[in-house]
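Read top to bottom, the protein sequences are chains R and V.
Those letters in the first sequence? Residues 1 to 148, by the working numbering.
Those letters in the second sequence? Residues 1 to 148, by the working numbering.
Each hint can be trusted.
Derived DEER-like restraints, expressed as beta-carbon distance ranges:
no., chain 1, residue 1, chain 2, residue 2, range
1, R, V128, V, A43, 26 to 36 Å
2, V, R142, R, R40, 26 to 36 Å
3, R, I99, V, R142, 36 to 46 Å
4, R, N73, V, T130, 35 to 45 Å
5, R, D95, V, A105, 50 to 60 Å
6, R, S94, V, P116, 49 to 59 Å
7, R, V12, V, T75, 28 to 38 Å
Derived lysine-lysine pairs resembling BS3-like cross-links, with alpha carbons at most 27 Å apart:
no., chain 1, residue 1, chain 2, residue 2
8, R, K69, R, K83
9, V, K69, R, K31
10, R, K69, V, K123
11, V, K31, R, K69
12, V, K31, R, K31
13, R, K123, V, K69
14, R, K31, R, K69
Derived coverage of chain V by chain R (criterion: at least 3 residues anywhere in the stretch with Cβ under 8 Å from a Cβ of chain R; other residues may be distant):
no., region
15, 15-29
16, 118-125
Calculated directly from the structure, the hints in this document are not laboratory data.
This structure is a prediction, so every number in the text was calculated from the model and none was measured.
For each residue, glycine too, the CB sits at the ideal point set by N, CA and C.
2 protein chains.
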Amino acid sequence: MPTKYPGDADEVRALNAYICLLRATESLLAKSAQNFRGSRLTASQFAMLECLLFQGPMKPSELAGKMLKSGGNITMVIDNLEKRKLVQRTPHASDRRAIIISLTAAGNKLIESLMPPQVACIKDQMAVLTPGELETLRQLTRRLGTAQ
Amino acid sequence: MPTKYPGDADEVRALNAYICLLRATESLLAKSAQNFRGSRLTASQFAMLECLLFQGPMKPSELAGKMLKSGGNITMVIDNLEKRKLVQRTPHASDRRAIIISLTAAGNKLIESLMPPQVACIKDQMAVLTPGELETLRQLTRRLGTAQ
DNA sequence: ATAGAATAATTTAACATTAAAGTATCTAAA
DNA sequence: TTTAGATACTTTAATGTTAAATTATTCTAT
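Produce the entire structure from the sequences given, and follow the hints as far as they go.
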């Protein structure tokens, strides 16, 4: 989003920070995506497997909430992972409306093999900043993320 | 992307900053998108109109470069904006392979009306940080964005 | 106990996104 | 000058994304 907006000092400061923030995120995501491209996983598919690995089996609606995506989308991502037998649907014990998504053995093996390189990649990219700068970045972006 | 990865101090620091950065960006983008949703513009369509407003008519390949999107995608975004007569294709003066995309009068009017609220929205959201913090954020994210 | 509201997942339609293949045009080297 | 490669845009196929509508089930107030 290239913006050369002729505004006052406050606007220029806000827009400059905004644009750098967006570009940094784009850059980090693009680089991270290279790690799992070889496994023919999309970003959403990787995120779902990661979510199931660290937080255990859950309902599609819970996945949607954690991944910040719409429900219809989640259904399709599950469909595509299920075709490859990386996740499975099982009926919910007490609520017949609901289902539980869990990793298969193959899915668990795949995502566990992908996590260490993924973490290393993020660590490498963030290493252009010092530990103190990383902490500052965390605090600043944390406040932005919860902004109303 | 919820990650509870059991790693060393460096990894935890990098991952925490990374996650906050991604969430902040998601939050900002979601809020900004509300400004042009009433005009039935998608984020890509808005970005293209904004690009043409501030940087003038250009070729699809230039739009792809500035918007960091693939060429095939640009063709479709142009198609959809052209259907609504917000942009137009004209032949390139000297290169018959190329075309030039420009705003129509209606497109110019629309994007000009949308920019002030958009800028105000970003300014408001960034206002949870002080001017000094914004400058710090800009510098830190600028370095991350250009990381190899 | 039952009607209405809420919830859970899916389906559908429209648009977005990428990668790969295709077509047309241009450029530069032999 | 001709040809090979590069460039510019489009098309196609597969997946992703959202919003809205649909179906099935559960919850809740009467």
